[in-house]
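K.L.:
Sequence:
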Amino acid sequence: MPFKNLKFIFPWRTYQQKFINNIHSHIIDNHLHVVAPPGSGKTILGLEIMRQLGKKTLVLAPTLTVRNQWEDRLQNFFLKDETYQDYSFDLSKPKAVTFSTYQSLHAFYKRFEFEADYYSFFEKEKIEVIILDEAHHLKNAWWKCLYSLKIEQNLTVVALTATPPYDSEPIEVSKYFKLCGEIDDEIAVPELIIEGDLCPHQDFVYFSKPKDLEINFIFDYRMKISNFIDAIKTDTDFISFINSHRFITKTQRHLPEIYDNPEYFSALLIFLNAINQNVPLEKLNILGFEKNDEIDFPSFSTDWAQLLFQNLLITDRMALILNEKYLNSLEQKLKRLNIFENKKVDLVGGDFLYKSLANSPSKLQSIVSIVTNEYCNLKHDLRAVILTDYIKKEFKNTKTEAIQSINRLGVIPIFHYLRTSEFPKKNIAVLTGSLVIIHATTIAAFEKFEDIDNFTISPLESDPEFIEITPKTVTNHLVNTITKLFENGNIKILVGTKSLLGEGWDAPSINTLVLASFIGSFVSSNQMRGRAIRSEKKNTHKTGNIWHLACLDPTVNNGGKDIATLKRRFDAFIGVSNNEENEIESGIDRLNLPTNFKDVDTAQLNIKTLEQAKNRHELKTKWTLATHKGTGISREIKEYYSGEVPYEIAKKSAFKDVVRYNLLELSVAITFFLPKYLIENFHEILSKGFLAFMYSLLGALGLTFGYKSYIAIKNYIQFGLLHKDLEKISHALLDSMLELNIIHTDKIKIRLLTYIQLKGEVVCSIQGTTAIESAIYINALQEIIEPIKNPRYLIIKKSWSKQKFNIQNYYSVPQIFGDKKERCQIFLANWEKNVCKSTLVYTRHYVGRKILIRARMYHLSTAFEKKTKKAVIWN
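Residues 569 to 1443, numbered by the working numbering, are exactly what the sequence shown covers, in order.
Treat the hints as calculated values from the structure; they're not laboratory data.
Be careful, since some hints might not be right.
Subject to a maximum C-alpha distance of 25 Å in a straight line, what follows is the list of computed SDA-like cross-link-like pairs (lysine to any residue) [unchecked claim]:
1. Lys694 x Ile612
2. Lys993 x Leu1003
3. Lys1437 x Leu1046
4. Lys792 x Leu840
5. Lys623 x Gln721
6. Lys1357 x His1312
7. Lys610 x Leu673
8. Lys911 x Ser930
9. Lys610 x Lys1206
10. Lys1176 x Thr1163
11. Lys961 x Tyr894
12. Lys1135 x Glu1148
13. Lys1206 x Lys1106
14. Lys1188 x Glu763
15. Lys964 x Lys911
16. Lys1040 x Asp1019
17. Lys911 x Lys1188
Using C-beta positions, here's what the derived DEER-type ranges look like [what the hints assert, rightly or not]:
18. Leu1321 x Ser812: 51 to 57 Å
19. Cys944 x Ala970: 26 to 32 Å
20. Asp1021 x Cys944: 36 to 42 Å
21. Asn975 x Leu1308: 29 to 35 Å
22. Ile1364 x Ala684: 30 to 36 Å
23. Asn945 x Asn906: 39 to 45 Å
24. Glu1307 x Lys661: 40 to 46 Å
25. Thr988 x Arg885: 50 to 56 Å
Nothing here was measured: the structure is a model prediction, and the numbers come from that model.
We put the beta carbon where it would ideally sit given N, CA and C, even for glycine.
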């Protein structure tokens, strides 16, 4: 036993002990994958796993700073009076435990001429366990040498992370889980709040609008796109090119290609319909439409145009080689409009405009407003950190009178805006890897920790009250010294880069964090946020406010790409809602922000947010009440209402319309329509008899009132039974997973909750299962209710009413069942028991493929809208 002298010398937290009790049950598949938030003692838990496994171990970390923390925790938390010697930082000379980095492993791998020698080295050294700290940092080359080592040596892999890379590309996510295994256990933020390891905290969003110059730029850009789309509808060369496309001229010959990419074929037809060209029924038949179907073509929107051009210029380019000269001219036209770059067509302008809005100078004033509000509230207790992506040294010598002309977000622009605002300048400092600035009055405190002769001191040209500190030799002490000055209160507002301060840097006194970073990665944003939510031993009343900045795109209802990035960022956070419900969940919905930003009053919204941020005492109360509501985390899925009319109005009118058109209009018919019809058809009653007259009357009533009744009943079925449908489907899924032993928890312990929210979102959550079981369940439920993609099997409802009213009848069979028909049959049986009689369709043959296309076409009109969202909840 290489670690027999090691033992954790402090009491375990409740959540840590709970995890430790399950270590050996999780590791039976040679993997242990743990998600634990910042502050949960992730490194300590990793060392305890290593100690219990008792095998020679390699620990890999993303940086040298984090690598050194592992050795530090080992010496200070697992030994009382002695020092542990059987460790190494050198991969070529491993000991009982070797601490290294992913970069070092890759460099070590490249030393070997033959891969076999690389593997035999680890076999010879008898390394049996690899611990991966924050493995989401792995680049492709690093991943390959690590994954191949795992497979060749059959190593036990322990993965510890605060942030699985859920927002990465699917292939990256797949590789991550291939290396680390599925998540075995998860420590939740509320558990750390209860134990006092994290402080009560809240996220806030501060909104800004672009300046006039930016607004004009956005409107001009949108107008150029609109004019371009209008122009191609009358461009005879382009119309001729589309009409000569093989999918149009030789449709039957290219059916396999069309079935592989029906959206491309749909875009071609939508374009032809938009220019008022007749689309033959035989082409619509391929998409599953029949002769008597009511076909509602979507408009040729920017989304459909983007999809069409992406296929023409990239996906389908090789097949269109005979048209290369024309396609090249089309490509050049798109490039001149800045809508084609890096093999990607972007007619929506998300990436192009995002660079402008994310960097908007309006955010500089937002930061000043936030910090001013926090300073007025906290006074000398303020410890604020502003993190951004770039330094922007070119603005370092900007004179005070020219500050308003700064047009970029960065450390130096933020510094200038803050130093010319209302609070004391002496409280401000800059800390980056290559630039450190403090106020001249702070130098005396600085000298208590450093010999001033080791640094070059230069007054700032733009403001001599501030000095730039540059070490004369390479040192890593400077970051530690500035951090101490911040902790002691000599510095109260620190502006820095997320690359230096975002990970591995710790200052427990932070109570205000402004994330002025526009790189909205799930991983990096969660790490930055972790800096502010840690508790502080000497300040038991600490609360943390985390501020996010959003510059709204005034040309779109959803707020634009900045809001979309924030939504993705918030998927990584679990926090308390800011309403009276005091619920704990992940996602941005808990902040109750507007859904339509087109006409929102940002000034009033920001005033309200600033007032909420002041009430830190209430924040502590909210967390106390919210944590008492539950004992653990589970998953839920939310299906968004997608109607054009707000849900509350649609629901009321749907119910009222059924009554109106089936009762009130009956009286209208009797009062006005019937007497008139009797007079006009009196001769028919005498000549053909009363029965013939009644048939004639019913037909006339149907023609007059039938369509309105049809619409009313359809709406009632659609809006009145939304959550009931999901409830039935959720039970069918659960029964199937239990029957197939995918979920092992006893059914009696499991609770499914389905309900409908005020804005029409239908929510389903599962409680009582393990974390991994609830994650698998919610993933499968999302597959069922999401717009259909390319499942192996489909379920088609045999519902007369829904067929007649053209309401969704097609559902994907989740992949977890779809690999084998026997599993699908079990799912179908449970579906029919809980939902309704249905048919199972295999989509990999011709007939099934055609049905799949029709199923996908059902969602054609909302093809570019997000339909569902997963969340983690505390209950």
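K.L.:
Give me the numbers of the hints this structure contradicts, sorted from smallest to largest.
P.N.:
Hints 3, 6, 8, 9, 11, 13, 15, 17, 21, 22 and 24 contradicted; others consistent.
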